[in-house]
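Build out the structure end to end from the sequences listed, making use of the hints.
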Amino acid sequence: MSWFADLLGPFRGFAVTLRQVTRPRVTIKYPDEKRVKPDRFHGRHVLNRNLDGTEKCIGCELCAGVCPAKCIYVRGADNPPDNPVSEGERYGFVYEINMLRCIFCALCVEACPTEAITMTHLFEMSTTNRDDAIYTKDDLLVEPDGTPNHPQPDSKLIDLNELKIGDGWMRATSPSGRAAYAGVVQWTPSARTGALPAERGQSGQVNDEDSGEETDG
Amino acid sequence: MTAVISNWSHDNQERAKRIIASYPEKRSALMPLLYIASLEHAYVSDDAMREVAELTGITPVQVQSVASFYTMFKRGGVGDYLVSVCTSISCYLGGADDVLAAVESSIGDVAGEAAAERPITVEHVECIGACGGAPAVQVNYELIEGVTPEKAVALIKWLTATRPEVILTDEMQQLFGGRRSFEWGSTDSEGAVRPIPAFGPYGSVGGGSVGGGSAGR
Amino acid sequence: MAEHGTVSIIINGVEHDVPEGERLITAAERVGEYIPRFCHHDKLAPVGKCRMCLVEVEGPRGSALTTSCTVPVTDGMVVHTETDVVKKAQEGILEFLLLNHPLDCSVCDKGGECPLQDQALAFGAGESRFIEEKRTFTKPIPVSELVLLDRERCVVCDRCVRVADDIAGDPLLEFIDRGSYVQINTFPNEPFSSYFSGNTVQVCPVGALTSVDYRFKARPWDLESVRSVSLVDSVQSSVDVHTSRGKILRVYGAENDAVNEGWLSDKDRFIFSAFRSPDRITTPLVRDGDGFKETSWSEAVELVAMRLGGHVGTEVGAIGGANGTNEEAFALAKFMRTVVGSPHIDAQLGDGLDPHLASSITARGTISDLDAASTILVWGPDLKETLPVLYLRVRKAVRNGAALVVVSPYSTGLDSIATHSLRYRAGSGPEILRKLAHGDAGYEAVTETLANGPVVALVGRSSITENPMLAEAVAAFARSLPHAKLLPLLTRANVFGALDMGLAPTLLPGRVSTGDAAGVSLLEDSWGPLPESAGKDTMAMLEALIDRDLVAVILAGADPIRDCPDPAVAESALDAAEFVVAFDAFMTDSTRKAHVVLPAALWGEVDGTVTNLEGRVQRLRRSVQPRGMSISVSAALDDIARAMGAELGAADWQLINKEIAAVAPAYAGMTADYLTFEAGEEGAVVPIPGATQPLGHIPVEVNVPVVTGRFTLHLAPALYDAGVLVRNSHMLEGFADPGVVRMHPRDAASLAVADGDLIDAEGVGLPVKIDPEVPERSVVITRNLDTTRGIAASADIRVETVRGEP
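Protein chains in written order, with the numbering used here: chain S, 9 to 225; chain G, -2 to 214; chain C, 244 to 1049.
Among the clues, some could well be false.
Residues on chain S that point at chain C, a partial pick, calculated with CB under 8 Å [as the list claims (entries may be wrong)]:
1. Leu26
2. Ile66
3. Cys68
4. Ala72
5. Gly73
6. Glu97
7. Pro121
8. Glu123
These aren't lab readings, by the way, just hints derived from the structure by calculation.
Quick caveat: nothing in here was measured; it's all calculated off a predicted structure.
The beta carbon of each residue, even a glycine, is placed where N, CA and C say it ideally should be.
Here it is in structure tokens:
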């Protein structure tokens, strides 16, 4: 009995293969081809700009304070009144993220009062040198026209367009102190268009048209 | 402390000395001295505050603190005529807002014509104790009761045109007033010359009887 | 029934015994019921301005809301702090306070340590009903060169106004306007230029007052706080040093009721900016022709060891050591007395007092004795200019009713609050002392005041030109006053510690006189034989260098050319010396003449203990790493000793600390562990129980000669002079006076000079300032400014009109 079963073994194996032949392939030709990530994917950070080209970061260090991995280093400085770097009195003079330590939890995004730091869909950040993994302001800040930067822009792995896709995140806090906002999904207005209006959902209505319904499609 | 060379009149300097002498502490003379400072320049200037500080042995900023607390100590330039429109409850119900608007708009015209001199200053004040004759207006602290917007405009035109030396309440009441709340019983023949509260012979300030034990009267 | 001195109150249904007369808010906090507050401050008078501390107190007509900061506790008081009524009141008040408060917490320096933030979260409604636009002001505006003001953040708590008026005595900040227009401001063109302006930044419960230097430097959560001591003057105020990433970013006053009660002078608060000066010496330097060349520590140590070892011990002297820790001072004293074998050591530069008087005066008081004094006698340097925090303490005592007698050759900061302010012509101090002691005609009122004990006498040298023996005579007089306590006044940071460590020709560590045979033999048991000859003080050492009796000298943070009474002597002495080694953090006039300059760590960079003017020892803690290759003087001396073939045992401050406790009698038991575990943050006054003090100096009446001459000189000290730290601090440099010769109008008339005319004072040209506060036939010149530093401190000065050039 058993010898017959052994004889059938190879055919059973091929049956698996044959069954899979008809199914759609999951393998893609990375990096020539890239998977579309889930909406709330937490990829690399970008630092955004205001409509007028000034930086959104005001150097408040809340991101550094909230970071559980302590990977963010920020230092503020006085904004030169005649040529302001950001809105208000203070701007982020040093902004560094150590991507080797970052756990991509997005608490910095949630803590940011100006939506200066947001997360995107790019995750390709491998380097051959530890120092290169520390992203400085030059690498993180988008250009005034909305073009994002990357330390290895020419690498085959990197699709800069992914840096223009903002991620969705869920609020643990509520704007204007409303408990109704806890848990509402917000969409980070990262550098899709380079220059974006301030955070939505502050009007007091939970389901106003900007507060949580809009996605990147 | 730098000595201020006094630019007060001799009479007022003497008066200031008598007032200071009538208090156990120099500082207590602050309010009457500020009143003298107003008499001297029609308002309390920075120099006047320095002078009062010197006289009372406190710092100028402490004088400024008191002078700026009381709205009847004017700290800016006041024209020859100070028109005070009451906007407290009785006058408000009687249409004081319209009176104030009328006065302000006609002053705007006047100011346009004679901006260089700006003879009339308008302010709105809290209750001036003429609720029975609301809405009430004061010119250099001389009262008119029952003023309407039209009469208020006429009052401003009259002030601009005739430039009266002395403001007489009876005269103004007759020309621009409405119903008197009661027969005042006395006629005011002295009137007011400058936009300084016309308290008449105010015990420790006005008369020469100070220092003879009548300071309290 | 409550104990005596306490009353029983019921808070939220629980009965508590609290001290009688205490304010309700403090009493509640003592028993664990925190009541929110903004305007209340323990060290300031109650005003009840912010209304945040409203609580319900039951009374005969039912319970009513009362401000707990203004109400003293009474027996049987029934208080509710958590009822709905109280909650509604707190929420309402916070809503009002936030009415005009901007939402710029994310850029505000106070954000993260802000009482308004914290209490809005803990006691606020969470939402405001006000939708109106907020009031805005131009921001920030400078109220002084050190403090910036954001008026829109102000919650009108009155703390800064009370600090300026009640504490500092400089009422230059006030409320202007009223209602919703109210703002804090200064008078136009009269900035808040107070020596204590930084305290307003510390007490401000919001970010309205911020420091120019700290603005936007860091956020509270990236600061590390280290409790330490400010080594700016000999009061040694307790401070919290806040650092981030190896840099000192700010210094806050720490609560130490025995010393500074949380207050600091601006010099204490901002002097740290000198530590990061680009002019710091960061590597050892050796002379190379006219200049210096950088070298390594090992080469420098070898060189110093070779040069010092090449001389007979008694040919070497050491000057300084009063700016470091006790451990550094002890290491220097031990190095000189044992390794080098020289008795010539002095921490003072001829500008101080007799070491016995300063270190070991009997009936020595403490700073807190001032609080209980009926009469305070100040005969010494102008406290406001030299020991500003002590000036605050005297002010406080006077405000609380103590009588104050100030004796000085020139007006002092305390004159305005003094009961009696006696002025004498510089040099004629002994005369006025005699008159006071004998109760001469015209002095009855003063002697009557002084007869009202307990008296605390602050005795020092009014200026470097004053005969140091006058302080001895004054101390002898003060000691005869009823229940008198004395505080000797020397100003240099740790000079009392240095004297206690034996950095004086007549003292050995632990307040032992060199003449005390028992004390000497006790020390010799552990140190080996001590040099037998008598030690020279600084001036004698400088003279000896000129005369070639001494050939080498160690300068430990000392700049004799600037600080000793005769700059010319110091200059030629250092020129004549064969070998000068200097430990310093900056290039000074004296270090420029050195052959080897070794970089010394400053007070934020070293660990150890220090002793203040009352003999209180406190822990000085390191908060940052020393700059460059700087190390402590003691560690450097340890290396040098080893290169000379001796063991100093000073490699680590804790080793020295233990040795001090073992060999210095007055410091017996005074270890770092004792300070940490027994004494607490207040520190402890030596000798502690169990220790003894061999030397008890009883001041004697001495005959001090009166100086006469056409003009006598008073070299007045100033807080902001051209001292080494001030001139290297970007915060404080430029605050110094330009330097003038002050003289009485009649003297100016006799010389036929007017205000601003140039005058020749002992070869230095200075403009005249006519000042009726100066006694006749006396001139007052501010000491150690860039323009006045060449003037020798001779009591009799030659002043001539400059003819010719305008």
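Hint numbers not upheld by this structure, sorted from lowest to highest: Per hint list: 1, 8 violated.
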